[in-house]
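Protein chains in written order, with the numbering used here: chain A, 14 to 348; chain B, 14 to 348; chain C, 14 to 348; chain D, 14 to 348.
Source of the hints: derived by calculation from the structure; they are not laboratory data.
Every clue listed holds true.
Each pair may be met inside one copy or between any two copies, as identical chains are not told apart.
In silico DSSO-like links for lysine-lysine, alpha-carbon gap of 27 Å or less:
(1) K106 with K89
(2) K180 with K220
(3) K255 with K287
(4) K178 with K220
Number of protein chains: 4
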Amino acid sequence: MKHSVDLEKYQIRTDLAIESIKNIDDISEEIIEDDIKITKVIIDEKISKEINKKKGNYVTIEFLDITDSYNYEKVKNIFVREFKKFLNLLNIKKDDSCLIIGLGNSKSTPDSLGPLVINNVLVTNHLFELDELDKDYRRVSVFCPGVMGQTGLETSDIITTIVGKFKPDFVIIIDALASQSIDRVNKTIQMTDSGIHPGSGVGNSRKEISFETLHIPCLAIGIPTVVDAITIVSDTINYMHKHYTYSKLNINNPLNKLIAYPNYLNEKITLNKKDKETLLGIVGTLDDSEIKQLLFEVLTPIGYNMMVTPKEVDFLVEKLSLLIGNGLNESLHNI
Amino acid sequence: MKHSVDLEKYQIRTDLAIESIKNIDDISEEIIEDDIKITKVIIDEKISKEINKKKGNYVTIEFLDITDSYNYEKVKNIFVREFKKFLNLLNIKKDDSCLIIGLGNSKSTPDSLGPLVINNVLVTNHLFELDELDKDYRRVSVFCPGVMGQTGLETSDIITTIVGKFKPDFVIIIDALASQSIDRVNKTIQMTDSGIHPGSGVGNSRKEISFETLHIPCLAIGIPTVVDAITIVSDTINYMHKHYTYSKLNINNPLNKLIAYPNYLNEKITLNKKDKETLLGIVGTLDDSEIKQLLFEVLTPIGYNMMVTPKEVDFLVEKLSLLIGNGLNESLHNI
Amino acid sequence: MKHSVDLEKYQIRTDLAIESIKNIDDISEEIIEDDIKITKVIIDEKISKEINKKKGNYVTIEFLDITDSYNYEKVKNIFVREFKKFLNLLNIKKDDSCLIIGLGNSKSTPDSLGPLVINNVLVTNHLFELDELDKDYRRVSVFCPGVMGQTGLETSDIITTIVGKFKPDFVIIIDALASQSIDRVNKTIQMTDSGIHPGSGVGNSRKEISFETLHIPCLAIGIPTVVDAITIVSDTINYMHKHYTYSKLNINNPLNKLIAYPNYLNEKITLNKKDKETLLGIVGTLDDSEIKQLLFEVLTPIGYNMMVTPKEVDFLVEKLSLLIGNGLNESLHNI
Amino acid sequence: MKHSVDLEKYQIRTDLAIESIKNIDDISEEIIEDDIKITKVIIDEKISKEINKKKGNYVTIEFLDITDSYNYEKVKNIFVREFKKFLNLLNIKKDDSCLIIGLGNSKSTPDSLGPLVINNVLVTNHLFELDELDKDYRRVSVFCPGVMGQTGLETSDIITTIVGKFKPDFVIIIDALASQSIDRVNKTIQMTDSGIHPGSGVGNSRKEISFETLHIPCLAIGIPTVVDAITIVSDTINYMHKHYTYSKLNINNPLNKLIAYPNYLNEKITLNKKDKETLLGIVGTLDDSEIKQLLFEVLTPIGYNMMVTPKEVDFLVEKLSLLIGNGLNESLHNI
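If we strip away everything but chain A, and leave its shape as in the complex, we get (with noise of 0.2 Å):
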């Protein structure tokens, strides 16, 4: 499998700093309640130089279904809660201004995620100059910057620009994001004070957008909505490994001739090098990140490591960015 030639690495595509850190367990706090996970981790200047991902607070709240409507309460109040958090950690006043900039492309489905958030957000900022609104409400402005193959323009520029013409105390990037896993794919929201860097989820690097570049607190809210097709052969593979060592193990198990499909990933196995490798022959030798560099090496020359969303992907993002648009509007005013 050796190349003469120095090829081009794979780039791990994700926007998830979950999925960016190994050994995660060790420096992240997770929390349970009923299905939704919490993990909350704080990435320092140390390990931000080994991931190679910005240092800052992350907090990623994982479900499983929001298309129910009790889910999607359930889901929008923590996603309230942990926001608040945020806004207190930043040090952020009752009083301060937001301007909500909505990332992404109003035109391409699994990319809306951002104007679609704009426009279930309460704006409010034009109405102040009115004196129509009591003081429950804050000062909220929101744009759409569009993405470059649109505009012609490059979209951290524009941001840069109207922040410092308008100068918020605070701003909020929404964004659809890349991910490193089937199982996240509009099934997870993270947020971060670290800003946003367009697009590099999704292979294109532009400018980031952060604290450091406009200078004031930036909230970064984003939920993946597309994978790569890497990532799906690579996930496989290893659920591959996991079904095999549970099908040894429980080939007797007189439950087995009752349920034809046991979700065997709730079970616990310990996996072990050789039933890879007796599965999966070379293959089964290498790590993940050999895995997908093999997979890399195959798909993208033939054209084929595509990034792909669930044909669902209408109804999930429309029912995410009301989640998200809602959940806004309960932090950032009184209502």
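Chain A is fixed; fit chains B, C and D onto it per the hints.
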């Protein structure tokens, strides 16, 4: 890998005839024009039983890109030529009236091909009453029945009823399909006189719409817009095999010192089972359908056998529906 | 003002019963709740012939504003109460199945009320097959037939056919209407058991959809979203008359030194024909229907008798369709 | 009709120069091509003060119908020809970079012209960095600032800031306008080098966008899509006068026995004040601006001076934005 209970079998989720037939080369006629491949298959009674696919004529147009306007024209012209042949084959006369049915859900991008094509179709039926059209036009009416999840009604019943009432001389049905191959998604148009099973490609069997049920010629035009995770993984396993063999053969090829990622698919390579086993262990010993069955058992119980669509789906479906709409206008009228 | 040839008469373009009846006070019952007016009219055989309006029960809810969430709730609650009374009146049972039909063109904002309401309706019919719903739900299915300009097909024929096939116990039809009064546009909901004539309000008579044609109860809900230029001008002529009389009476009223533009409509003023003639010459001698006939003769030959809609139509139609959709859900199910 | 207090004056809501100028014939040049009228006006310092309209060059193209593809081409070609003349007049060079700004609210059909045009414009600026374009293309970038009701931000401030940052050589601004004449709505394109006042046509004065504020050439393209009720009524009053005079003159004309509704606008008729008074009483004695002021006083306090748009607005705005978008592409690039 044995299971102690009888398992549900993996149902291949494809609507493409060329993907259902194993020894496709024996029964098909293939033409290559530039980089566009046209495949014609006649499925007779005998083959129909073998592959569980309705008998009839199938023409498939495979292409690489239609976002470029030059390629768009080329593909559209081939579509018009092949579709007119189909009209002749079915003995459709110049004055026969046509009802075009756009299947699918206009609110779900990957499933919106049918309704979007309808938007681009020239509707003339009502103008004939007013005597406003000259002889170059055919009577065309259109109809979008929606999907059962929207309407609560069985789609095939709606169609049968409407056809029974308005009595067109023939119908054309447009639908988004599922593919069994990554490289056909949004890059293949299938036309057939065998009718359609709404939703069959994505796993919900509904009642058939065909000459047998409608008693008039029933042309179906479909484009695969989704693929399942099993397909992505099993395709990739085959690519890994080819890539491995190619790399072994070319390890000392000086060319590879220059080209980091050669497109190994372009090369004629003789694959052997031995290599596959070395590379992929037990998995390498399985044939294609066994691998898919295994992946079905691995991914289904944990809920990860998603249907996915490329993230550019909005632009592609829009462009494809323009092509089919304009292609139909040119084929049906003398314009 | 005589014409030497027999002229086509101005057809009043209204779908509202309360606008068709001259001496409306004699035959109607009117309730005012806050600033919402509810009018009930029963048109019997005799009146039906006089005013060329189908016999049946008509309930009209007139309101000022539903963009405010407080008013929205108030109007919705009245809608639910009145609609449930209608269901009782027609002897609709708790378990009777319902087909809701959204008339109109989803691509034309002022005509999109029907399709938009359908988007907000809870569809349950297909879930009954799966035994997924409890006793609080009724079978509801929905259907949007499109308009003839889109489909080329006669809308009433589509509906009759679909109803004949699926045999619901009753139907509800939603449509955007035309009004004969500026102040009712987007501010009036009419419900009736007399059915509907698609497009009749805007001048294209199509076949009736009613108990007589469908043989099941047929409730129609309509909101006027358009008004013609003749209406705007003739309404204004009447306002000029009132304004003139009011100004004459109040020329020395000291209040008018404070209020530049008093709302003269709120005042009880006795109008007289003399004033109208002084103010408006020959035009002032004509009665309402003569003025409309004159305006028809003035505006029609030069192509300016347009149907218009307020420029805020997108927001209003969206809000109104949410109200009707949610109101129907509350009325039809036990939720 | 006197008021005892000083009243707010009726502000003519028009953005069209040809509607602001009384003796338009004295200062304009008019060309008729088929049924398309092109009017050129130069407003100098002196006239500017008289009519309260910015000095500059104004070209207006008036047409009857662009839904027919033949007329569409004719109007588009005239637009391209006249717009290129404007580029020359302003000394815009072949390589000068251009920022196109789409004003208005994409969620409100009558106000969505700007954002819709932007969708049809060829954006090239970012491709220049990649060296992907040949010499036939100019650098074009685009931007939609939204409206204050959506963003909470002053639109002109957003624009000034973006222009200051990206430093295009010139800007083109697209906006939907208000008209003072029924027959110009959706049937007139105005281009000018005098810039624009966002929202001024519909009554909200915002800061100017022009050469004076941006310090680069600033072309504005506008199409009236709305008209107020006052305009509809006052236009109709004038048509009544003409119709009355025409009818009097032609009462014995035998032609009128054949044509029920002759188009009296096509006739040269000498109008006299006497007829107007006979027909319209006191109202007939008022001149145009007095009638508008009266209508303002009649309609404003009762809330009926609505801005309206024809009910076909969706189709017309879509077609017009295609024309302007394609016209700009042809004018700006060598394609």
